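With the hints as a guide, bring the two chains together.
If you're matching them up, the sequences are chains S and W in order.
At position 375 of the first sequence the residue is numbered 375 (full-length UniProt numbering), and the sequence of numbers has no breaks.
At position 145 of the second sequence the residue is numbered 145 (full-length UniProt numbering), and the sequence of numbers has no breaks.
Just so you know, the hints here were simulated from the structure itself, not pulled from any lab data.
These numbers come from a predicted model, not from an experiment.
For glycine and all other residues, C-beta sits at the position ideal for the given N, C-alpha and C.
Be a bit skeptical, because a hint or two may be false.
Below, simulated SDA-like cross-link-like pairs (lysine to any residue); rule was C-alpha separation at most 20 Å, straight line [unchecked claim]:
| id | chain 1 | residue 1 | chain 2 | residue 2 |
| --- | --- | --- | --- | --- |
| 1 | S | 456 | W | 214 |
| 2 | S | 425 | S | 87 |
| 3 | S | 545 | S | 461 |
| 4 | S | 456 | W | 87 |
| 5 | S | 456 | W | 88 |
| 6 | S | 456 | W | 189 |
| 7 | S | 456 | W | 54 |
| 8 | S | 233 | S | 339 |
| 9 | S | 545 | W | 99 |
| 10 | S | 456 | W | 85 |
| 11 | S | 45 | W | 54 |
| 12 | S | 233 | S | 154 |
| 13 | S | 270 | S | 283 |
| 14 | S | 45 | W | 231 |
| 15 | S | 456 | W | 101 |
| 16 | S | 456 | W | 57 |
| 17 | S | 233 | S | 42 |
| 18 | S | 456 | W | 89 |
| 19 | S | 474 | S | 435 |
| 20 | S | 45 | W | 189 |
| 21 | S | 425 | S | 273 |
| 22 | S | 456 | W | 56 |
| 23 | S | 456 | W | 91 |
Covered stretches of chain W (chain S as the covering partner; in silico rule of three or more C-beta atoms under 8 Å from a C-beta of chain S) [to be verified]:
| id | stretch |
| --- | --- |
| 24 | 24–38 |
| 25 | 79–90 |
| 26 | 117–125 |
| 27 | 142–150 |
Spelled out from the first residue to the last, the chains are:
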Amino acid sequence: MTTIAMVRAAAFGAGLAMLPGGAAMAGTYDITVDRIAIDTGDFVKRGVGYNKSQTPTILRWREGEEVTINVTNNLSEETSIHWHGLILPFDQDGVPGVSFEGIAPGETFTYRFPIVQAGTYWFHSHSGFQEPDGAYGAIIIEPKGREPFRYDRDHVVQLTDKHPHSGARIMRNLKMMPDYYNRQQRTLFDFLGDAAEKGLGAALADRGDWGSMRMMPTDIEDVQGFTPLINGKGPAQNWTGLFTPGERVRLRFINSSAMTYFDIRIPGLKMTVVQADGNNVQPVTVDELRIAVAETYDVIVRPMEDRAYTIFAESMGRTAYARGTLAPREGMEAEVPEMRSPPLLTMADMGMAHGDMGHGAMQGGTHTMPDGSVMQGAAHGHMDHAGHGAADAGGDPFYAPGSGLTPEAANGGKVLSYADLKAQKPLYAHREATREIELRLTGNMERYLWTINGVKHGDSEPIRLTYGERVRFKFVNETMMTHPMHLHGMWSILDNGSGAWNPVKHVVSVAPGTTVYMETEVDAPGQWVFHCHLAYHMEAGMMRKVIVEGGPAAKSASSAAVTGG
Amino acid sequence: MTRTAGFAAVLAVAVASPALAESPFWGVQVEQFEYRAGEGSDLLAWDLDALAGTDALKFVWRSEGEFALDEDAFEAMENQLRLQVPVTDFFDAVVGVRADTPEGPDRLYGVIGLHGLAPQWFEVDADLFVSDRPVARFEVEYEGLITNRIVLTPSIEVDLPLRDDRAIGLGAWGPKVEIGARLGYDLVDRAISPYVGVHYERVFGATRRLARAAGEDDDAVYLVVGTRLMF
Numbered sequence: 001m002t003t004i005a006m007v008r009a010a011a012f013g014a015g016l017a018m019l020p021g022g023a024a025m026a027g028t029y030d031i032t033v034d035r036i037a038i039d040t041g042d043f044v045k046r047g048v049g050y051n052k053s054q055t056p057t058i059l060r061w062r063e064g065e066e067v068t069i070n071v072t073n074n075l076s077e078e079t080s081i082h083w084h085g086l087i088l089p090f091d092q093d094g095v096p097g098v099s100f101e102g103i104a105p106g107e108t109f110t111y112r113f114p115i116v117q118a119g120t121y122w123f124h125s126h127s128g129f130q131e132p133d134g135a136y137g138a139i140i141i142e143p144k145g146r147e148p149f150r151y152d153r154d155h156v157v158q159l160t161d162k163h164p165h166s167g168a169r170i171m172r173n174l175k176m177m178p179d180y181y182n183r184q185q186r187t188l189f190d191f192l193g194d195a196a197e198k199g200l201g202a203a204l205a206d207r208g209d210w211g212s213m214r215m216m217p218t219d220i221e222d223v224q225g226f227t228p229l230i231n232g233k234g235p236a237q238n239w240t241g242l243f244t245p246g247e248r249v250r251l252r253f254i255n256s257s258a259m260t261y262f263d264i265r266i267p268g269l270k271m272t273v274v275q276a277d278g279n280n281v282q283p284v285t286v287d288e289l290r291i292a293v294a295e296t297y298d299v300i301v302r303p304m305e306d307r308a309y310t311i312f313a314e315s316m317g318r319t320a321y322a323r324g325t326l327a328p329r330e331g332m333e334a335e336v337p338e339m340r341s342p343p344l345l346t347m348a349d350m351g352m353a354h355g356d357m358g359h360g361a362m363q364g365g366t367h368t369m370p371d372g373s374v375m376q377g378a379a380h381g382h383m384d385h386a387g388h389g390a391a392d393a394g395g396d397p398f399y400a401p402g403s404g405l406t407p408e409a410a411n412g413g414k415v416l417s418y419a420d421l422k423a424q425k426p427l428y429a430h431r432e433a434t435r436e437i438e439l440r441l442t443g444n445m446e447r448y449l450w451t452i453n454g455v456k457h458g459d460s461e462p463i464r465l466t467y468g469e470r471v472r473f474k475f476v477n478e479t480m481m482t483h484p485m486h487l488h489g490m491w492s493i494l495d496n497g498s499g500a501w502n503p504v505k506h507v508v509s510v511a512p513g514t515t516v517y518m519e520t521e522v523d524a525p526g527q528w529v530f531h532c533h534l535a536y537h538m539e540a541g542m543m544r545k546v547i548v549e550g551g552p553a554a555k556s557a558s559s560a561a562v563t564g565g
Numbered sequence: 001m002t003r004t005a006g007f008a009a010v011l012a013v014a015v016a017s018p019a020l021a022e023s024p025f026w027g028v029q030v031e032q033f034e035y036r037a038g039e040g041s042d043l044l045a046w047d048l049d050a051l052a053g054t055d056a057l058k059f060v061w062r063s064e065g066e067f068a069l070d071e072d073a074f075e076a077m078e079n080q081l082r083l084q085v086p087v088t089d090f091f092d093a094v095v096g097v098r099a100d101t102p103e104g105p106d107r108l109y110g111v112i113g114l115h116g117l118a119p120q121w122f123e124v125d126a127d128l129f130v131s132d133r134p135v136a137r138f139e140v141e142y143e144g145l146i147t148n149r150i151v152l153t154p155s156i157e158v159d160l161p162l163r164d165d166r167a168i169g170l171g172a173w174g175p176k177v178e179i180g181a182r183l184g185y186d187l188v189d190r191a192i193s194p195y196v197g198v199h200y201e202r203v204f205g206a207t208r209r210l211a212r213a214a215g216e217d218d219d220a221v222y223l224v225v226g227t228r229l230m231f
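Pulled out of the complex, with its shape left as it was, chain W reads as follows (with noise of 0.2 Å):
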């Protein structure tokens, strides 16, 4: 509650702040929006981030699911809304909320984090998920262009849970790990660019013995086709 009250408290000085008195602007960035076939149930996923503000201010709605077909459920839900404020010519820093509400029990977490572009482009987010079960989360991705068309985006997202949550099979220090790698082209300016790739997930430590507990795999790989969507 306090939390909230925070966040709407850095909501009402940034709206109230002269930096939105520029001409504002807005996009979508569509990463990932696919279809994930491996050997349990297959998935359609996305990770997407709205984005509205100035250079001074941004405003981000950045959701992220995976919606299992077999079981008509979704098995990861996940919606923030984060406040971007540039601190470094590169980066900036994130206040935000996170709401998860898949399948099963729901969490809330405060969000504190960077997002910026490393040295030799790497895109990088680096969030803490505030609550009193939190967790830590890094997220770094690449564009590689084969051709000026054909981009080759290898991604990485580690995430860290610092304390127990057995609700949701995280165990304390054991990260879950999803690499991927996904060739795209670029068919209609950068706005459709239809992709290929694996999606390979993973499990360790007190996570995985969660998951191996409840008699879950500790891995997943998948074969993925989709589209970046860019408006």
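In isolation and in its complexed conformation, chain S is listed as follows (with noise of 0.2 Å):
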């Protein structure tokens, strides 16, 4: 945590009153919203941001405390703050239209609830683009008991993708023309490439195969031209986290872009990953990792050296790079890396080998696959795989065999998998779902329609659960695009394959051409939304609203009496 933070989070943290007698802590933190410039060292622009800052807010709070947050909306127009990961009363967890009213211009909403768990997490608005505008924060919640892992000192490295565009505009341009954003699609010379390395003749069949589909292998990154952030600082203005040689760091990383995927290094250093979306998990030691959107890794760094490094993170896409630095004073830097090579995606991330191509698989264009080939593809990854390990020669089962996404450590070492995550003490007793439940996840690249079961939120029904269920959601990704899937109010329990050490987690991110299972404890009575997280995707419609019928009514009336205005 940087000093600024800390005097932040100590003027929130003023209004704190112990209760004597063992009694729940209770504290009262005040958040304004704000249109504030924001300077990332390559442009400036007009957006939002928290207590008139661009550094993200860091709420420093207790595991057992009852928090009063007072969001005080100095915008134009109406705002929200989800706490995102948090378990809560639903009429607390802050979207318009299904939790509660919004917070209208001038207006101060009193959120108040209990924090029932620990870890890093964030927040955020759900309204509008405000997001991927700048309204995000961090939250560090510290456990009641001891932490399973020893550590000195923590930095919390918080990223974003800041686009010299607002995201009304974003979302109105990839409207218009989809790929407007889009700088990484093959030319002439990528064909004169392909064909003096692959002959003519493939490289005339590769481009005709993708053109069949109209589709792209560089579809990486549908929003292009951002500058990443770290702590709301650009690659230049250069974050810098202290350190004293010897001592163990832990780095709380919390991406909270609205469309990229980072691949984070610090050359020099290798990470062991403690916790993943706030819930402890079996260390395990990595050289790198990847970070969907709205998730958080927490990993412990030990900086040996009187030197500094860099903490290095690339998009997935290799357009932009987040950089910032961990050091001993401040003012020094270590090397920056060259981004590496931008991957491109394989006929494995459109869920078919290149031979199964031809046969009208993708008859009238949609991304649907043949049911048969997706599965086959899914199964064989899940049976093999799952549960022994990335490291195994088949590659990481959380992405299609054979594809062009499959992450690689630059210095050729370990990088973490969705199978590596074991959690560290299960949260729930494990047991057989009660119902499956599938979501395929579907668009239209042409079109930037992002939908569920071909079905915008617009226009589809609410999924029911019953109090008290085991949900086993089933997640087919028939599109060409790597989905954050995110559930509020209940967690996510990810099936690596782990049992009843399957990691506990708030976003499921689903690789093309993959099927991915989770399960849900049902233990939260009310309305929530589930949607995948790349704020365009939401907005176009790749959204579920989520009721939760039954439940105790005690706690239904309490949390309706939390409610405050």
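In structure tokens form, the structure reads like this:
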């Protein structure tokens, strides 16, 4: 945590009062939502910020605390704050139209809820495009008990993809021309290069295959042209976190991007992953990790030398990088690596082997693959590799075999896989799911239409769950994009083959051409949402309302009583 | 008259449908805005689509025209109001009206068409302009990326009169063909992309005979300089 952040957190904590006799603590925090200028080092733009700052606000809470948060809307439009990953009464969840009415301009809304968990989380606006425009911050919750790992200091490393265009304009441009921001398309020169390498026939056939589907192998980042920030600072502004050589430093990575996955590494340091999405995992040491949009990973690094280390986070499509520095003193820098060359999607990411083309599998142009091929690929990955760790010869089981997106470490070392994540201490008793719900992730890139089971949120019926059941969600990704799926209000237990030790998350990223399962203990009554956390996919329709029916009346009643205004 | 009433009915149904309840978007795409220099009179020409609507229904104003600088007159002036509804993943069905108001006789047509993206990234418009002197039109455009900012756009447009309309120089089954190639550079995002190119027009068959009889050339070639615009 930086000194500035410390001061801010202290200011927020000013109202914190300890009640005697071991009763619950209570803290009051104030947040203003403001129009601000954001300077990325590359450009300055108008955006939204909390507490008049482009440096993300950090809320430091204690498990067991009863928090009261006064959110004052200084914008000329409605706002909201969603507490991402927090377990709370649904009317405190901050989704306008689902959990509450939203916060009108000039109004102060008071959130009030108990903190029943620990770890690294974040918060952001759930209104319009305020989150891409800058409305996000970090949450750190100190556990009641002892942490199962040691560290001497911690830093929040909150990433985002700041774009010179406003979110509304980006959405409009994408609707008008879905490849508006794609400046990595295949060109004549790429074609000539391919022809020289593989022969003209093969190069033509490859172009023909993609062209017949009207898809692009470079369609990895819908929105390019952004400057990534770490804690509000662009690569040139170089956010710096201090350490004393030999210390264990906990880095709380949070990906608050609108659209961008990052591959993070710190050349010269191994990272020991100890927490994912706020829940402790059995430690796994890696050289590199890919963080999906809206995920968090806590890692511990131990820099021994008295020198600077670069935190280097390349976007998955290699169009931009975030850069920060860990250093013993302010003002130091380490070498900044070159970005690696951009990946290309393969036919495996389309859910089909190359040889399958020409059967009219893409007839009509839906991104729908024949069920069989998707299922086969995924079943193969799931059965053969899950639970055996990603270091297996088969590669990462959470990517389609032969995928162009499978991450590789820059130094040839270990990349974190979902398969490596094992819960430190299971949150729930392991049991069979009571039923399965299939959610096909669907879309139409040419219309910039993103849907679930082929239906936009606006045209859809809510998903109805019953309190007390354990639902198994089956994601079948039929699109060519990677989707970070986020369920509000309840945990997403990723099935990576670890059984009772399956990791407990709030975002489950589903790579193209794969099928991924997660289970949810339905233990939170009320209305929630379930959506792709890519801002423009959600807006385009990749979202569902979720209604949990039944449940303890007392819980519903108490949550209703908390609603403040 | 009946046609206009029909169009109004379609429009009314479309506006009343819940599709417009979702957040609409809009945009303007000027494919061509250019100066054409050739053997005859130099021209100012444009071809634009202004669009507003939703995924389910788009309302498009399409305007195309040529202004002859020497004659100080609109050689061509065509405006269409088009409603687009998706019918497949990559194609929209189009209904609308087209009004031609150049120098000389005016024309009014109903429009039935398809607009979309064919395999291998060809942008296609196929329209039937309905009247007692109907015309079919087929347009194809391709964006060839030399680099990610330098784009070569070849295009072809064929107008096929299905019946004689001698007053405006159209002979049944005598096509008018326009072929273009424009080399552009994306100067500001995709908002401003200046280009240079060539534009070639030629008439065939009965239409060619009408042109000849009127003492006009049956073909014309222009060097063009202009810009694509998008906002």
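Going down the list of hints, with the structure as the test:
1. Restraint check: the Cα-Cα separation between residue 456 of chain S and residue 214 of chain W comes to about 57 Å, which exceeds 20 Å; the hinted pair is violated.
2. At most 20 Å may separate the alpha-carbon atoms for a hinted pair to count; residue 425 of chain S and residue 87 of chain S meet this at roughly 17 Å.
3. Note on residue 545 of chain S and residue 461 of chain S: the hinted pairing holds, with a Cα-Cα distance of about 8 Å set against a maximum of 20 Å.
4. Proposed proximity of residue 456 of chain S and residue 87 of chain W is supported: the alpha carbons are some 17 Å apart, at most 20 Å.
5. A C-alpha spacing of about 16 Å is found between residue 456 of chain S and residue 88 of chain W, which places the hinted pair at or below 20 Å, so the restraint holds.
6. Between residue 456 of chain S and residue 189 of chain W the CA atoms are separated by roughly 29 Å; this puts the pair beyond 20 Å, and the hint is violated.
7. Restraint check for residue 456 of chain S and residue 54 of chain W: the C-alpha separation of about 12 Å stays at or below 20 Å, so the hint holds.
8. Using a Cα cut-off of 20 Å, the hinted pair residue 233 of chain S and residue 339 of chain S holds, with the two alpha carbons roughly 19 Å apart.
9. Taking the CA atoms of residue 545 of chain S and residue 99 of chain W, the gap is near 46 Å; set against the 20 Å cutoff, the hint is violated.
10. About 16 Å separates the Cα atoms of residue 456 of chain S and residue 85 of chain W, which keeps this hinted pair within 20 Å; it holds.
11. Distance check on the hinted pair: residue 45 of chain S and residue 54 of chain W sit about 28 Å apart at the alpha-carbon level, beyond 20 Å; violated.
12. Between the alpha carbons of residue 233 of chain S and residue 154 of chain S the distance comes to roughly 18 Å, so the proposed pair stays at or under 20 Å and holds.
13. Restraint check: the Cα-Cα separation between residue 270 of chain S and residue 283 of chain S comes to about 12 Å, which is no more than 20 Å; the hinted pair holds.
14. Among the hinted pairs, residue 45 of chain S with residue 231 of chain W is consistent with the structure: their alpha-carbon atoms are about 19 Å apart, no more than 20 Å.
15. For the given pair, residue 456 of chain S sits about 42 Å from residue 101 of chain W by alpha-carbon distance, which is inconsistent with the 20 Å threshold.
16. With a C-alpha separation of about 15 Å, the suggested pair residue 456 of chain S and residue 57 of chain W falls inside the 20 Å cut-off, and the hint holds.
17. A hinted pair counts as satisfied when its Cα atoms are at most 20 Å apart, and residue 233 of chain S with residue 42 of chain S qualifies at roughly 10 Å.
18. Taking the CA atoms of residue 456 of chain S and residue 89 of chain W, the gap is about 14 Å. The hint holds against a cut of 20 Å.
19. Our distance criterion of 20 Å between C-alpha atoms is met by residue 474 of chain S and residue 435 of chain S, whose separation comes to about 11 Å.
20. Proposed proximity of residue 45 of chain S and residue 189 of chain W is supported: the alpha carbons are some 16 Å apart, at most 20 Å.
21. For the given pair, residue 425 of chain S sits about 15 Å from residue 273 of chain S by alpha-carbon distance, which is consistent with the 20 Å threshold.
22. Between residue 456 of chain S and residue 56 of chain W the alpha-carbon distance is near 11 Å, which keeps this suggested pair within the 20 Å criterion.
23. In summary, the hint linking residue 456 of chain S to residue 91 of chain W is supported, as the alpha carbons are separated by about 19 Å, within the 20 Å threshold.
24. Counting residues of the stretch 24–38 of chain W whose C-beta sits closer than 8 Å to any C-beta of chain S gives 4, which meets the bar of three, so the coverage hint holds.
25. Counting residues of the stretch 79–90 of chain W whose beta-carbon sits less than 8 Å from any beta-carbon of chain S gives 4, enough to reach three: the coverage restraint holds.
26. Residue count for the stretch 117–125 of chain W with a Cβ under 8 Å from a Cβ of chain S: 4. That meets the three needed, and the coverage hint holds.
27. Three residues within the 8 Å Cβ limit are the bar, and the stretch 142–150 of chain W against chain S gives 6, so the coverage statement holds.
Against the hints set out earlier in the document, violations occur for numbers 1, 6, 9, 11, 15.
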